[in-house]
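Trainee: Residue-level listing of the chains:
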Amino acid sequence: MVASPSIIDELRENHSRALSQIRDDFQRVMDGPAAVAQQTALIDESAKRLWSRFISNNDHRSHPIALIAIGGYGRSMLFPHSDIDLLFLHEGEWSDKDARDKIRRFSQEMWDLKLRLSPQTRTLSDCDRVDPNNLEFTISLLDCRYLAGDEELFNRLRRSVVPRLIMRENQLIMQKLAEVTNARHSRFGNTIFHLEPNIKESPGGLRDCNLVHWLLLLSGIEKLREWPEPQSLISPAIREQFSRALDYLISVRCFLHYRHGRDDNTLTWEAQAEAAGYRVGIKQQERMAPEEWMRLYFRHARSIQRVAIQLLQEIPASRSSLYREFQNWRSRLSNSNFSVVNGFILLQQPGAAKDPDLLLNMFRFMAEHGLRLGTSTEQRIEQASANLAGKMPKGAKLWKHFREVLLQPHAADALRAMHFLGLLNLFLPELASIDSLVIRDYYHRFTVDEHSFRTIENLHRLRHPQSEWEIRFGELFGELEHPELLLLALLLHDVGKGMPGNDHVKASLQAAWQCLERLELAPAERDTVYFLIANHLEISATLRKDIFDHATIEMFAEKVGTPERLKMLCLLTYADIKSVNPEALSPWKAENIWQLYIAATNQLNRNVDQHTVSTHAQDEQIACLKAMAPGLAQKLEAFLEGFPARYLKTHSSEEVISHVGMANGLADDAIQLDLKKGQHWFELTVVTPDRPGLFAKIAGVLSSWRMNIVKANAFCNNAGVIVDTFYFTDRFRTLELNLPERERFKRNISDALAGELDVDRLIRERSYAGRDTPAKVKVETQIEFDNDSSPHSTLVQVIAPDRTGLLYNISSTFAHHGCNIEIALIDTEGQMVIDVFYLRAGGKKLGRTKQEQLRQELLEILSSP
Amino acid sequence: MTKVEAVIQTSKLDAVKTALQEIGVEGMTVIEVRGHGRQKGHTEFYRGREYTVDLLPKIKMEMVLPDDLVEKAVQAISSAARTGKIGDGKIFLSRIDDAVRIRNDERGETAL
Numbered sequence: 001m002v003a004s005p006s007i008i009d010e011l012r013e014n015h016s017r018a019l020s021q022i023r024d025d026f027q028r029v030m031d032g033p034a035a036v037a038q039q040t041a042l043i044d045e046s047a048k049r050l051w052s053r054f055i056s057n058n059d060h061r062s063h064p065i066a067l068i069a070i071g072g073y074g075r076s077m078l079f080p081h082s083d084i085d086l087l088f089l090h091e092g093e094w095s096d097k098d099a100r101d102k103i104r105r106f107s108q109e110m111w112d113l114k115l116r117l118s119p120q121t122r123t124l125s126d127c128d129r130v131d132p133n134n135l136e137f138t139i140s141l142l143d144c145r146y147l148a149g150d151e152e153l154f155n156r157l158r159r160s161v162v163p164r165l166i167m168r169e170n171q172l173i174m175q176k177l178a179e180v181t182n183a184r185h186s187r188f189g190n191t192i193f194h195l196e197p198n199i200k201e202s203p204g205g206l207r208d209c210n211l212v213h214w215l216l217l218l219s220g221i222e223k224l225r226e227w228p229e230p231q232s233l234i235s236p237a238i239r240e241q242f243s244r245a246l247d248y249l250i251s252v253r254c255f256l257h258y259r260h261g262r263d264d265n266t267l268t269w270e271a272q273a274e275a276a277g278y279r280v281g282i283k284q285q286e287r288m289a290p291e292e293w294m295r296l297y298f299r300h301a302r303s304i305q306r307v308a309i310q311l312l313q314e315i316p317a318s319r320s321s322l323y324r325e326f327q328n329w330r331s332r333l334s335n336s337n338f339s340v341v342n343g344f345i346l347l348q349q350p351g352a353a354k355d356p357d358l359l360l361n362m363f364r365f366m367a368e369h370g371l372r373l374g375t376s377t378e379q380r381i382e383q384a385s386a387n388l389a390g391k392m393p394k395g396a397k398l399w400k401h402f403r404e405v406l407l408q409p410h411a412a413d414a415l416r417a418m419h420f421l422g423l424l425n426l427f428l429p430e431l432a433s434i435d436s437l438v439i440r441d442y443y444h445r446f447t448v449d450e451h452s453f454r455t456i457e458n459l460h461r462l463r464h465p466q467s468e469w470e471i472r473f474g475e476l477f478g479e480l481e482h483p484e485l486l487l488l489a490l491l492l493h494d495v496g497k498g499m500p501g502n503d504h505v506k507a508s509l510q511a512a513w514q515c516l517e518r519l520e521l522a523p524a525e526r527d528t529v530y531f532l533i534a535n536h537l538e539i540s541a542t543l544r545k546d547i548f549d550h551a552t553i554e555m556f557a558e559k560v561g562t563p564e565r566l567k568m569l570c571l572l573t574y575a576d577i578k579s580v581n582p583e584a585l586s587p588w589k590a591e592n593i594w595q596l597y598i599a600a601t602n603q604l605n606r607n608v609d610q611h612t613v614s615t616h617a618q619d620e621q622i623a624c625l626k627a628m629a630p631g632l633a634q635k636l637e638a639f640l641e642g643f644p645a646r647y648l649k650t651h652s653s654e655e656v657i658s659h660v661g662m663a664n665g666l667a668d669d670a671i672q673l674d675l676k677k678g679q680h681w682f683e684l685t686v687v688t689p690d691r692p693g694l695f696a697k698i699a700g701v702l703s704s705w706r707m708n709i710v711k712a713n714a715f716c717n718n719a720g721v722i723v724d725t726f727y728f729t730d731r732f733r734t735l736e737l738n739l740p741e742r743e744r745f746k747r748n749i750s751d752a753l754a755g756e757l758d759v760d761r762l763i764r765e766r767s768y769a770g771r772d773t774p775a776k777v778k779v780e781t782q783i784e785f786d787n788d789s790s791p792h793s794t795l796v797q798v799i800a801p802d803r804t805g806l807l808y809n810i811s812s813t814f815a816h817h818g819c820n821i822e823i824a825l826i827d828t829e830g831q832m833v834i835d836v837f838y839l840r841a842g843g844k845k846l847g848r849t850k851q852e853q854l855r856q857e858l859l860e861i862l863s864s865p
Numbered sequence: 001m002t003k004v005e006a007v008i009q010t011s012k013l014d015a016v017k018t019a020l021q022e023i024g025v026e027g028m029t030v031i032e033v034r035g036h037g038r039q040k041g042h043t044e045f046y047r048g049r050e051y052t053v054d055l056l057p058k059i060k061m062e063m064v065l066p067d068d069l070v071e072k073a074v075q076a077i078s079s080a081a082r083t084g085k086i087g088d089g090k091i092f093l094s095r096i097d098d099a100v101r102i103r104n105d106e107r108g109e110t111a112l
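For the protein sequence lines, the chains are A and B, in the order given. Each residue of the first sequence is one higher than the last, beginning at 1 in my numbering. Each residue of the second sequence is one higher than the last, beginning at 1 in my numbering.
Any given hint might turn out to be false.
[To be verified] Straight-line distance between alpha carbons at most 25 Å, and here's what the computed DSS-like set of lysine-lysine pairs gives:
#, chain 1, residue 1, chain 2, residue 2
1, A, Lys-676, B, Lys-72
2, A, Lys-589, A, Lys-559
3, B, Lys-60, A, Lys-545
4, A, Lys-354, A, Lys-283
5, A, Lys-711, A, Lys-746
6, B, Lys-90, A, Lys-589
7, B, Lys-3, B, Lys-40
8, B, Lys-3, B, Lys-90
9, B, Lys-90, B, Lys-72
10, B, Lys-40, A, Lys-559
11, B, Lys-17, A, Lys-589
12, B, Lys-72, B, Lys-85
13, A, Lys-397, B, Lys-85
14, A, Lys-649, B, Lys-85
15, B, Lys-40, A, Lys-589
16, B, Lys-72, A, Lys-589
17, B, Lys-17, B, Lys-3
18, B, Lys-40, B, Lys-72
19, A, Lys-589, B, Lys-85
20, B, Lys-60, B, Lys-3
21, A, Lys-545, A, Lys-589
22, A, Lys-394, A, Lys-354
Hints are computed from structural coordinates only; laboratory data are not their basis. Computed from a predicted model, the values in this text were never measured in an experiment.
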């Protein structure tokens, strides 16, 4: 049967007119669901009319064939420029050339209607198997819908073949679907927060909506052994949210198709601005700023992503028994407050969601073990969240909880979960300003909040380095004394972008200061976080200069001040750039950051004595100290004069005031000691007039008590008063468990410094049989002398494997050769000590002969156990 | 038409960009590169290990210009990038047969 040209022309004209009408209707009211329904109905009508023109009933009888809509067309969801997925279903071999010609001409006419046909021809038996390389076809059958032709053939497909296939191959289909989806999510960075998302393919987009639909159908057919209503398998609350999100996305996709004139689903900045202007997907009449409109997009995408991920996680993995064992092990993490089932956390107690302390512990647990919250847990928290605001822990207690979350390896995921549930804004209201915030620039790929979470994620990833750069930066991360301060700084560093004004750094600082006060961080901790936020662009700015020029390094090092802050700033820069977009941290950039870091470290360690405190200069820190202790102003000046500037950078204002007090006490007692127990170690401060062998004696007494010296600083002022600070761990908990021993320990130090105690003999008498733990990493001993960096002293850098008594051995060797330690910077990183000494002998730098003598003796001592 | 390729110090990028914009150069490509001429590499010691950078970080700028703008561009780049020390960089000029604007198939100098 051949359709006459006039009928075809009429069909084309009507089709074209109807398409224009659909477009006009959409542009008037921006109703996407209505547009796709109309589009589908129009194509249905055209297809059926053409089918009846080309294929007669006789044709059906001789060669049963059905015209079936599949895929998106089968779901009755045709977008303006979507492909039209058609299945020509037949049975057995098809030898009739005439029948095939008619199908071909039918398809031709559909193409001539400017419809992008995606036709497939299959037999029933073809549909009854899964091709792992063409899962798409099997999935498209889930949405099969009869259009024309042999209805009985279609019914056999839908009622028999497809359900049977699913019941037989459900696991394979679901696992393949999960693999494909995970790969797609991974291509988009596993986040919905893209600045220009692809609303079809991105996580939380239309593909994920389809995924939810398919997973529900698959599990429904498996359970019920018949076609279910997918909506019946999803809870009403989530169904409503999901449905709203889907309608919104449908409207946005229609808008994009009409705007771009093709199947382009990228929500570019320009498209965002237009969509906001046209109020696409929203009912309100007031104009909406593009940023606000995008927040709405992210909210909907979150709803979809949440359901999709939940359903994906419920698919049993096709993994080995080893993986199943791992999953079982995770179940053993359950405790009285929460249980862990299949990697999801479920709250045990009915009132648990109303207990903020318990919730914070739960997030810490989540961050530690990399778990997810179960749907019921999320719902309970959401229901309870309105009442949580007034019950949240405050001040130091909140910081204690929050700190524990930040330090865990999966902190970023826990923060995202808290953010999603609205809890993060209760703890840190400063973050509300950057919630789903789109900032338009050509570098950032993610919203500001997601960028901040990624910085934390990228730092924790350094624990498992994959590249040479990650190894180097990972070592720095492992050496930090207070990584939680860096992580907090990263969380807050860009909050200013959501506040009015052009200077986001300034705005971030203001917000951070309020936050730090509220969390009751110690003043030194606040200073560090504040410094990091204030200078978070400093390394990037310095990289635009000549980093091999000494003046550049000097200026940068001066600004940073201490090696610890330098490490933190370097890591902050690493994480910040790496989180802009996956390509941002190029090897070129990473190399330059590293070069700047090591040059600045050397500058900080080798030029300590070139910048001394001068109380005559205008200095904010000195002014602050005087303000803290106005009665001590003159004594403060006398005390500080001549100390290296590093002294002020390594001690808090409170510590400096305390040292001034100790210095004042020298008239009564020439040896002033202060012993404190800190969070990680003990801290011993000695203030006394300088004399030969002082440093060695202190180190010796510590060694005799089997204390492990982790860090030490030694400084001397113009008045010849030294402030030596030793940070050590009490390996056998002698001082920790026996308070009276602390006084005996201090007496030993005093007596040693007063010359009333022979330190060598003390060490010999207290030589324990126990040895140090064998080194896991081989550290080669290196001794380097530098007579150029300092104008006053010879620098000696000693790198060696750590062991008890090492510092005593080194410093007593110096003393034995008549060398005075002007400055000491002692550090231990893992099993390696890095000690830098500024030495003078007879008031001068060390000559070559002396250097060589020292080198030989040190090498001999350091190589013996 | 002439292609101008300039390898300069990283610290001079902003100055050279400004100088070129001032004489009317509207398009350029900037690439992060490494290299050296007679300028020696740089070595730092850190924790007993030697870190040597033989190929120093540089910036390469490329632009294709009408012939009548080339000399001005060369002068602008040289003045802005010069420090007088070894390592300032170099400028290379080469002839370009044709240029095509992808958006509308324009060819020749009008495509620049």
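Trainee: Hint by hint, note whether the structure agrees.
Mentor: Okay, the hints, checked on the actual structure:
no.: 1; hint: Lys-676(A) - Lys-72(B); verdict: violated (69 Å)
no.: 2; hint: Lys-589(A) - Lys-559(A); verdict: holds (21 Å)
no.: 3; hint: Lys-60(B) - Lys-545(A); verdict: holds (16 Å)
no.: 4; hint: Lys-354(A) - Lys-283(A); verdict: violated (34 Å)
no.: 5; hint: Lys-711(A) - Lys-746(A); verdict: holds (19 Å)
no.: 6; hint: Lys-90(B) - Lys-589(A); verdict: holds (22 Å)
no.: 7; hint: Lys-3(B) - Lys-40(B); verdict: violated (28 Å)
no.: 8; hint: Lys-3(B) - Lys-90(B); verdict: holds (14 Å)
no.: 9; hint: Lys-90(B) - Lys-72(B); verdict: holds (16 Å)
no.: 10; hint: Lys-40(B) - Lys-559(A); verdict: violated (28 Å)
no.: 11; hint: Lys-17(B) - Lys-589(A); verdict: holds (20 Å)
no.: 12; hint: Lys-72(B) - Lys-85(B); verdict: holds (23 Å)
no.: 13; hint: Lys-397(A) - Lys-85(B); verdict: violated (58 Å)
no.: 14; hint: Lys-649(A) - Lys-85(B); verdict: violated (36 Å)
no.: 15; hint: Lys-40(B) - Lys-589(A); verdict: holds (20 Å)
no.: 16; hint: Lys-72(B) - Lys-589(A); verdict: violated (32 Å)
no.: 17; hint: Lys-17(B) - Lys-3(B); verdict: holds (16 Å)
no.: 18; hint: Lys-40(B) - Lys-72(B); verdict: violated (31 Å)
no.: 19; hint: Lys-589(A) - Lys-85(B); verdict: holds (24 Å)
no.: 20; hint: Lys-60(B) - Lys-3(B); verdict: holds (13 Å)
no.: 21; hint: Lys-545(A) - Lys-589(A); verdict: holds (13 Å)
no.: 22; hint: Lys-394(A) - Lys-354(A); verdict: holds (16 Å)
In this structure, the hints that do not hold are numbers 1, 4, 7, 10, 13, 14, 16 and 18, in rising order.
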